[in-house]
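Participant: Here are the chains, one letter per residue:
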Amino acid sequence: MERPPSQSMLGIFRDPDDAARAVEGLRSAGVPGTDVEVLTDSPYPEGAFGEDHHRHRLYVFPFVGAACGLAVGLMLTISTQISYPMITGGKPVLSIPPMINVMYEGTMLGAILFTIIGIIFESRLPNLGPAPYDTRITEGYLGVLVTRTEGRASVAERALRDAGAVDIVGQPAAAGTSP
Amino acid sequence: MQERFDLAPTKVNEDLLRFPLHTPLWFWFAIVVLGAILGAGVIAFTFMVIVGLQPLGYNNTTYWAILITNFVFWVGISHAGVMISAILRLSQAEWRRPVTRAAEVLTVFALATAAIFPLIHTGRPWRLVYWFMPYDFARGIFPDVRSALIWDPSAIFTYLTSSALFVFIALVPDLAVARDRTTGWRHRFYALLAMGFHGSARQWRFQAIAGILLSALILPVFVSVHTIVSFDFSMALVPGWHTTVFGPYFVIGAVHSGVSAVATLMAVLRRIFHLEQYITPDHFDALGRLLVVVATAWLFFFMMDFYFGIFSQEPMELAVWQLRMFQMPYTFLFIVFIFAAYLIPVPIWLFRKARRNIAVMFWTSLLVNIGMWLERYILIVPPLSVKQPFPFTWNEVYQPQPIEFVLVAFSFALVCSGILLFSKLFPIIPLFDIKEGQILKRTVRIGRATVPAVIRE
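Residue numbers (the numbering used here), protein chains in the order written: chain A, 1 to 179; chain B, 1001 to 1457.
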């Protein structure tokens, strides 16, 4: 167990209700919602801990990907037919209906690839920062992570302890592990 | 309806990471057996590369046979996974939780195996890049995008890439759990793949969106893939193949065999990994009900295919159906196929008690796939056998050769070993999904929010 070198603090909670109270306590103590994150080992309904609603642009990614995929599919089908203009079965060289299949697959592949990139980007992954973390979170405990604690560490620690934190990681007296 | 066990997060971690983190003796035995079959397949393929396609039973008219049957069969199996996963995610069916990942993994390995078979079938796979890769700038020869044989690789490539990425994205939270429970190289391996996932609300939110959004995007691809596979046949002017019903007929046939394969796989996983508390009779009950609907829809399209064939009164179409139904050995295969794919399993699945009996579900779902493999064989081989009734083909009947059966066994071993090795490295049941199900199974109040009990069955 090593001490994280960050200026963040992670309160470990056994009960989801305590974690929610900690978030509320931190807000009352003047810690902005953007500096508080709740870490869990499974998804909870959105807003269960009173956390802020983050805006995102994920829905743009599939459209951009689809447009790129369509363009590549169109380019591929047109260029290969023009490069080797073989007439088969009396069909025109640039025959649209058979091109639709490749263009469709290109569009869908582009949309899916960009969606994956969007999900990774919007999830802020890879997350290689030095924020405190504790392996107990994947055992069912909950973590309330307070970032940018400079000048308000004691206030944040008090709010976490008052809400029933079983441990605090990221402070001199506490212990924890990084991922 | 759901049997609900109370499972603490630590127990879920322990149960579902037991196999990835500990190696039982039977794993090595399975690897040896599967490795031997895979080795035999590689030897058979090498032999074919050296001597050509002569060891296969091909003749002047029947040049698509068991290898292409295998291709269509495994593409069909691959449809289960993402179809089940996507539809159940979109409909938020509660019983999806332990089923989704196994189904998705089955998709990936079945599709990868399917993609190998056209390559083997050509006999000269190294020349195959000319077929679908537009790279021959020196000679100015490029693939003909007007051919169904070009549409096929593009569809399979899209589906395989999408399915593999879908599996990976849904795996990230579980990789984080594995990272936290391991040391040494395993820890580094899982940490690298987990990309620093730490379970923030933002990350969970995008996990949830990813499941829905990717499902919605993959479903149209799933429909297109088997439709395009059906174009390999229906775009040809071969009697028995050239029919407009082939698109939906292939798709629903793929769903039928695929969902059955998922039921078989779930029964095997439950048994070998001791997942009795995670994969319960409820899941088989739900799969059985789904199968009754899917199988009956498939039967409708099969009947349509038959009806379209005989309604036109075209002599060649009638000859194909006559060969399929009234000439040995196809008569025997036809009877086995129709009984195995529908007449035996579906009446059994009508009974709740049978659907909740895991042994019954295992054997009936296995039977469906025997039937569906034969369906593809009967669909492909007889039409080619009557395609050109020249005098020199009168005595030529396609007879599968031993090397073809070795390659069939190879394909099964490849899919099994793929799933086994995946299960060895990663949890085959999504831990976070199970934990979420545990949290949501009763109404609880957390802070400002009331979390409803999950009632969607």
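There could be a bad hint or two in this list.
A partial selection of chain B residues facing chain A, derived with a Cβ cut-off under 7 Å [what the hints assert, rightly or not]:
no.: 1; residue: 1009
no.: 2; residue: 1087
no.: 3; residue: 1142
no.: 4; residue: 1165
Calculated from the model, a selection of chain B residues having no Cβ within reach of chain A, i.e. all distances over 10 Å [to be verified]:
no.: 5; residue: 1172
no.: 6; residue: 1218
no.: 7; residue: 1327
no.: 8; residue: 1356
no.: 9; residue: 1409
no.: 10; residue: 1433
Everything labelled a hint here was simulated from the structure, so no lab data went into it. Remember, predicted model here, so these are calculated numbers, not experimental data. Think of the CB as a built atom: it goes at the ideal place given N, C-alpha and C, for glycine as much as any other residue.
Participant: All hints, please: hold or fail.
Facilitator: Outcome of the hint check:
1. Restraint check, residue 1009 (chain B) versus chain A: the minimum CB separation of about 3 Å is within 7 Å; hint holds.
2. Hint status for residue 1087 (chain B) relative to chain A: violated, with the closest Cβ pair at about 17 Å, above 7 Å.
3. Hint on residue 1142 (chain B) holds. Least Cβ distance to chain A is approximately 4 Å, under the 7 Å limit.
4. The beta carbon of residue 1165 (chain B) comes within 5 Å of a beta carbon in chain A, closer than 7 Å, and the hint placing it at the interface holds.
5. Consistency note on residue 1172 (chain B): stated as away from chain A, yet its beta-carbon is not over 10 Å from all of that chain's, at 8 Å minimum.
6. Remark: the non-interface label on residue 1218 (chain B) conflicts with the geometry, its nearest Cβ contact in chain A lying 7 Å away (cut-off 10 Å).
7. Every C-beta of chain A lies more than 10 Å from that of residue 1327 (chain B), the closest at about 33 Å, which supports listing it as non-interface.
8. The Cβ of residue 1356 (chain B) lies farther than 10 Å from every Cβ of chain A, with a closest approach of about 28 Å, so its non-interface assignment holds.
9. With a least beta-carbon separation of about 31 Å from chain A, residue 1409 (chain B) lies farther than 10 Å from that chain, consistent with its non-interface assignment.
10. The beta carbon of residue 1433 (chain B) sits about 8 Å from the closest Cβ of chain A, which is not more than 10 Å, so the claim that it is off the interface is violated.
Hints 2, 5, 6 and 10 from the list above are not met by this structure, while the remaining hints are.
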